[in-house]
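*Asks:* With the hints as your guide, set chain S onto chain G.
Chains as they are written, first to last, in the numbering used here: chain G, 1 to 773; chain S, 774 to 1198.
Keep in mind that the hints were calculated from the coordinates and are not lab data.
The beta carbon of each residue, even a glycine, is placed where N, CA and C say it ideally should be.
Among the hints, erroneous ones may be present.
[What the hints assert, rightly or not] Stretch by stretch, here's where chain S covers chain G in the computed footprint (C-beta under 8 angstroms, at least three residues): (1) 153-162; (2) 186-192; (3) 313-322; (4) 491-497; (5) 646-653.
[Unchecked claim] For each label pair, taking beta carbons as the anchor points, the in silico distance ranges come out as: (6) G:Gln362 to S:Pro851: 31 to 41 angstroms; (7) S:Ser1141 to G:Val88: 45 to 55 angstroms; (8) S:Cys939 to G:Lys29: 34 to 44 angstroms.
[Said to hold, decoys possible] Keeping only pairs whose Cα atoms sit at most 20 angstroms apart, straight-line, the calculated SDA-like set for lysine to any residue is: (9) G:Lys104 to S:Lys895; (10) G:Lys140 to G:Thr110; (11) G:Lys701 to S:Lys936; (12) S:Lys936 to S:Glu956; (13) G:Lys371 to S:Thr1083; (14) G:Lys211 to S:Lys1197; (15) G:Lys359 to S:His1037; (16) S:Lys1197 to S:Lys1151; (17) G:Lys359 to S:Lys1097; (18) S:Lys1148 to G:Pro189.
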Amino acid sequence: MENAEKVEKKYTLYICTGCDIGESLDIEKLKEIADDEFKVPTKTHEFLCNSEGVEMIKNDIANDGVNTVIIAACSPRVNYDTFNFPDVIVERINLREHVVWSHKPNDEDTQMLAEDYIRMGIVKAQKTELPEPYKEEIVKNVLVIGGGITGLTAAIEAANAGYEVVLVEKEAELGGWARKFAKLTPKTPPFRDLTKPDVDEKIKQVMENDKIKVYTSAHVEKISGQPGLFDVTVNQNGNTEEIRIGSIVVAAGWEPYDATKLEHLGFGKYPDVITNVMMEEMTAEGKIVVPSTGKVAKRVAFIQCAGSRDENHLPYCSSVCCRVSLKQALYVRETNPDSQVYIFYKDIRTPGHYEDFYKRVQEDPAVFFTKGEVKGVSQTDGGLVVEVEDTLLGEKIEVETDLVVLATGMVPRLMEYVKKLEKEAEEQAEQTEQTEQTEQTEQTEQTEQTEQTEQTEQTEQADEKLAEALEDFKGILNLTYRQGPELPALKYGFPDSNFICFPYETTRTAIYAAGCIRHPMGVAESEEDATGAALKAVQALELIGRGAATFPRVGDLTYPEFFLQRCTQCKRCTEECPFGALDEDEKGTPKPNPNRCRRCGVCMGACPERIVSFKNYNVDMIGSMVKTIFVPEEDEEKPRIIAFVCENDAYPAFDMAALNRMEWDPNVRIIPVRCLGSFNVVWVADALSRGIDGAILIGCKYGDDYQCHFIKGSELANRRMENVKETLQRLVLEAERVKVVQLPISDYDKIPEIINEFVEEIKEVGPNPYKGF
Amino acid sequence: MRESIPSGPVSGNILVIGGGIAGLSAALEASEAGYDVFVIDRNPYLGGRVAQFYKYFPKLCPPYCGLEILFRRIRSNPKIRFLTMAEVVDVNGEPGAFDVDVKINPRYVDLEKCTACGECAKVCPAERPNDFNYGMDTTKAVYLPHDLAFPMKYVIDDKVCLKQECSKCVEVCKYDAIDLNMESKTIRIKADSIIVATGWKPYDATKLTNLGFGDFPNVITNVMMERLAAFNGPTKGKILRPSDGKEPKSVAFVQCAGSRDENHLPYCSAICCLASMKQATYIREQYPDTKVYIFYIDIRANGRYEDFYTMVQADENVEFIKGKVAKIEENPENQNLVVIAENTLTGEKTKTEVEMVVLATGMQPELSEVKIPLKDLKLDNYGFASFLDIPGIYAAGVAKGPSEVASVVEEATAAALKGIQAAKR
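Looking at chain S on its own, in the form it has when it is part of the complex:
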């Protein structure tokens, strides 16, 4: 089956590193034009970060919809092959003839045998923080990553698995699909060109010491809010205050939290304005009486996204305040937050008490911390692969620069053509 780990070296025209929306789009577009493509991802599933969003702006439509279409296109196209649990360990050769060594970390579950019946998870005694929900709940050590996991296969987290000491999952699996002795495997993929689509991770909000994340339970980040609103999140889609599980009557969004800031991420992450407005609609839909405050520097709703801004502004219960938030304090009696900001339009320093705060943190490129041994890949100061002129190596998605999904797919489609041109030469 196409999902299986190849037994020997394989080759294709394009290797896409990263199976999120950018990587998958680039891979599919190229393969549908008739080329052989490999896409690899280090997660046990494809789809990347967008699988963890509840909705997209401005249509407020579910990411699962687009992902399902991508997966469907993968299912029906033998020219696209993919590997999960995979990371690049070495790159040799040159454009037109890259030799990429890919390490496939052990899933401990046999892809060809697992039926996703779930019996293993029922008996597993060990738990792990659920990274899909940003640690807000737990799963068993053996788990299915999420409801639209592709491939639909279980995986074992060896950081918490008790292995041979336990083996309950092995005993109960009717299909003999669990192999606790599985080891990592390295295979070689030959490719004419490489597309880097390694994406991003949310900026570590604990570094924003003035904003209380990590200290005050009711201060969360924008990516966590997406999970709260989703059915397969920690609260089955109900937006609740972490400290007491109550419905928040007021929520403040802090824009540019650690962005446009020399001490953290100097650049703008392009999507956080729109993302916060989108999340404001989540809250307003669930709680018609809750008040939302958005503290901003500039509202970046470029192009037709301006319509979305207009729509959210029309909501009487959403107030936009131009002013950078200087500090967040906690009210120890009820664990409410006090947001201290300067309202730059009126000049006054304001203190606003709210029941919950969402920090609109930015996107940090994975490549700023994770190294791919691709010697010709040039990164800018922030870790983005934003140089455009490297033959044979193309970047797409947030790996290249912060942008929203529509732009990312445009870039990915362009990268696919560049990859094809390299293959043709």
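Looking at chain G on its own, in the form it has when it is part of the complex:
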């Protein structure tokens, strides 16, 4: 990788002797190492973060041309803006938390630890370059897929923030489900009265807003490209149009659960058993009648959790059905004062302010609430009979009604796609083998074709594959990403985030889900959710426009660079990228899309040829840090162990352990990594070939309840290490020399135990036979 012009680095190491660093270490020895081994001059100060210390550094930068500042002091998590010097490389060496606060002062092993950190810090600075952001001229507009209350709100809010919006709706009319609702549950104090839906107003606002372009009877046929530069094909009534789009909000909504599956509750069998959606539509049309007779309904029973909270149907709760039934109970009571309403429930779920709404309905003596299990619905001459067990009254009861309303749940529109995937999983396996063989023959024929023709062919192939995979289901996004055309679903078909604290973060950059497709919610919540997703969509535009990464490494201006000349088309990076940032051509060569990238480095960790690098983080850098560790002779009985520690949770945990003055074995050197997923197995080879005795990788939790903020980084690391263990055994080295640990940030008290245990395990295994080679 050649840079246009490499600026020559002028280094200075600044060692702070405050916070007990000076009292606990031989600072002169550290200076010697910087000078003798690296020719780096050192200055010390007893209070470096003070204005005097900072002035000293600023002075050196301004007047002595120092452009690579190495600060050996406290953790980089403190004094972050004190030691922030623009346009200069700044490297922080953590001598305070990771050495002095966590190890014995004036001790030989502690001293050696500090010396290695100085070495590693200098080497890291040597291998760091300032980032040059990837910037392309982008379009700053938002595509909203879905024109229901969520999509309408997202469009209005994004437009009100000054951005252009394209709204695509598959029906001929905007408004979605909310348009069919008679009234809404209250959303403002005193939370007692039903309100009129504001859908029509929003439709008007959208149609009159010249920042919003609306396509009805339309769907998104295809999306290729990357954030800021998406190429979207909109198909409206068979006519296609290509549009350039910046970011996307998916508000494709929901379908009611298929009540025909609830035969035991009489749906499909008896015409007078209807669903909550049908009840709403009937009320909106102006009358609540018994379907079989056409007479006004006098006795209405609501069966809550119909096909919800049920392993055999929808295991989850759809959240809104309790208050929808309360609302519909009021419809019945308001239209017919002689009516009676029964509500059979498992739990009444009216959290927060909705409790006031529940109370309001409870005030009506003609509404009866009964907790119980509804066993069945049957037909008699007089009407319907609902059989309920395990009631509050203690016995089985039978209630006669005219009309039964099943409060069914919501199924996200992505569910169809998820089901298709499940069905096609088997077929795909066979097909892929055949396609690969065909691709290989095509590859040899294509060696002399131009890039353009290659692209067209690839697009055609992508089109074909898409068409095959999604026959009836038109698809929502139809991305031409290698990782698949839609947002990955988390659970039950909802493309939700797995992070409680970061609910909008999907695994596709600049594509956000909102409304009921994300998780079941009511109209008021959908409007708010749409506003939140709109924020994320416009924020993504602003970040990507200046070449910066989005969540979680917000503002990171580096991006992975691929030295494709050495690529062997193994496709590990393209398969393993958690965010679908890498497409590949027919040969299997990765095609990076920097605007899709989250800068985690999983690609860097995956590549066996080590062709991926970031300006300030690369395989050579960490490998060199490993190799600069001083490895004592075997007879000194000082094992050397490296802890590769994830920056996100594990590194702060070490800092907190140190804050509490916990101590851990001084033979362990910490090397922070962006994510365990960026860990390249060559570093194990680097370590072992130098005589280092063991490597422990400490990162975030993986599995169903994963914490890894790059989705599967730590999981990949674990898998790669399993393979490494096999290799080790073949080299007659012990598999125990490498270990992967999941550490939640709150388990910082366990750090001494984890580290010391590993050191014991290594001591038991014995010194690395390659030591001294």
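*Replies:* Relative to chain G, chain S alone:
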């Protein structure tokens, strides 16, 4: 440095009042979209109440994880500035041009000089109840609020500090970071819009006279249980009975303690069902043989949280009893508790003796007692800023209405966009 107290008036697009999970999320999301944001908090640290939780439901993941990510985003973004020890004393102007006077109470520790080395606390002779642990243990008068304190700086509680009579901390501080003469300072922040994210406090359980809190040592509240389970809590993470420090063999959770109750908090706090189930998992993890009883009215595990309910129900040692608890009595011999409730499914009045009781108390909005002089801010009867239509002023988090973290962050993100729209006009 960004944490320093400004010397003169400052301006930004959005002022966020409250630096808990809602306030921080709103502030960060807006600043990352390119706007200048101020976030202020009256505590000496950012993070609010969630910093005091051990884990979140349903993933049972640590709040410190999300907070660290927020702090990291703050560190790398100069467009977000924050003030701690700060409270709003006056608001003038109007949407698009608010003038907010913010009083910064003295920390007595210089933010630019404190290194958090901890030498001051070693020599300090005075102690204070540790509010981070709900008074269950103490800290010195000069203290670091908690292990992930942001900013990582010490603070002195002037309610117990002996000041000039003592001055031991001043003598021992190598960095001259302590100024016992520090006074409060008022600065003016100009902002286009305001986001109110002032959060909540736990309902005062001493008002629940029938439930024994305050009288019986082994009756605690849900927020106290979070601290017992956490490593930086009063018992280093071991859940122990307050009266004798023993491991409890049985624990009862009383749901809706002072909630859904006209005499206390009439509304539902939305999270206590899930929080108690979460805490049941804490207990069960530490003590495989301990029995847990959950007395409830309705189990509110909305949406996909139902899976969490299913998981906890599958534990044989957790029993769910539908019945409101009428009274709690103490057994004077062993300080066990007797929980008196009506089992509404069977109709019988039950008496259950347990070794420890956790009252699942609700969240009371700060604004119900603390006034912000923001004349256009409308509160409902309970003190929530739940009116949605006030131009230029937006609310997020529990200040708006009770909800769990995921919803709070959604609201905060939406509020950020509203704040940005006001800035654009």
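*Asks:* Determine for every hint whether it applies to the structure shown.
*Replies:* Now the hints, each set against the structure:
With 4 residues carrying a beta carbon less than 8 angstroms from a beta carbon of chain S, the segment 153-162 of chain G meets the three-residue requirement, and the given coverage holds. Beta-carbon proximity to chain S at under 8 angstroms applies to 4 residues in the segment 186-192 of chain G; the threshold of 3 is reached and the given coverage holds. Figure legend: the segment 313-322 of chain G, annotated as covered by chain S; annotation consistent (5 residues with Cβ-Cβ distances under 8 angstroms, at least 3 required). For the segment 491-497 of chain G, the stated coverage by chain S holds: 4 residues have a C-beta nearer than 8 angstroms to a C-beta of that chain, and at least 3 were required.
With 3 residues having a beta carbon nearer than 8 angstroms to a beta carbon of chain S, the segment 646-653 of chain G meets the requirement of three or more and the stated coverage holds. With their beta carbons about 53 angstroms apart, Gln362 of chain G and Pro851 of chain S fall outside the hinted range of 31 to 41 angstroms. Remark: the range hint 45 to 55 angstroms for Ser1141 of chain S to Val88 of chain G is upheld by a beta-carbon distance near 50 angstroms. About 40 angstroms separates the C-beta atoms of Cys939 of chain S and Lys29 of chain G, a value consistent with the hinted range of 34 to 44 angstroms.
Taking the CA atoms of Lys104 of chain G and Lys895 of chain S, the gap is near 19 angstroms; set against the 20 angstroms cutoff, the hint holds. Distance hint between Lys140 of chain G and Thr110 of chain G is unfulfilled; the C-alpha atoms sit about 53 angstroms from each other, more than 20 angstroms. With a CA separation close to 46 angstroms, the supplied pair Lys701 of chain G and Lys936 of chain S exceeds the 20 angstroms bound. Taken as a hint, the Lys936 of chain S and Glu956 of chain S pair is honoured in the structure, with Cα atoms around 13 angstroms apart against an allowance of 20 angstroms.
Our distance criterion of 20 angstroms between C-alpha atoms is met by Lys371 of chain G and Thr1083 of chain S, whose separation comes to about 18 angstroms. Among the hinted pairs, Lys211 of chain G with Lys1197 of chain S is consistent with the structure: their alpha-carbon atoms are about 15 angstroms apart, no more than 20 angstroms. Restraint check for Lys359 of chain G and His1037 of chain S: satisfied, since their Cα atoms lie roughly 15 angstroms apart, inside the 20 angstroms limit. For the suggested pair Lys1197 of chain S and Lys1151 of chain S, the alpha carbons sit about 24 angstroms apart, so the restraint of at most 20 angstroms is broken.
For the proposed pair Lys359 of chain G and Lys1097 of chain S, the alpha carbon gap of about 17 angstroms is at most 20 angstroms, so the pair holds. Proposed proximity of Lys1148 of chain S and Pro189 of chain G is supported: the alpha carbons are some 18 angstroms apart, at most 20 angstroms.
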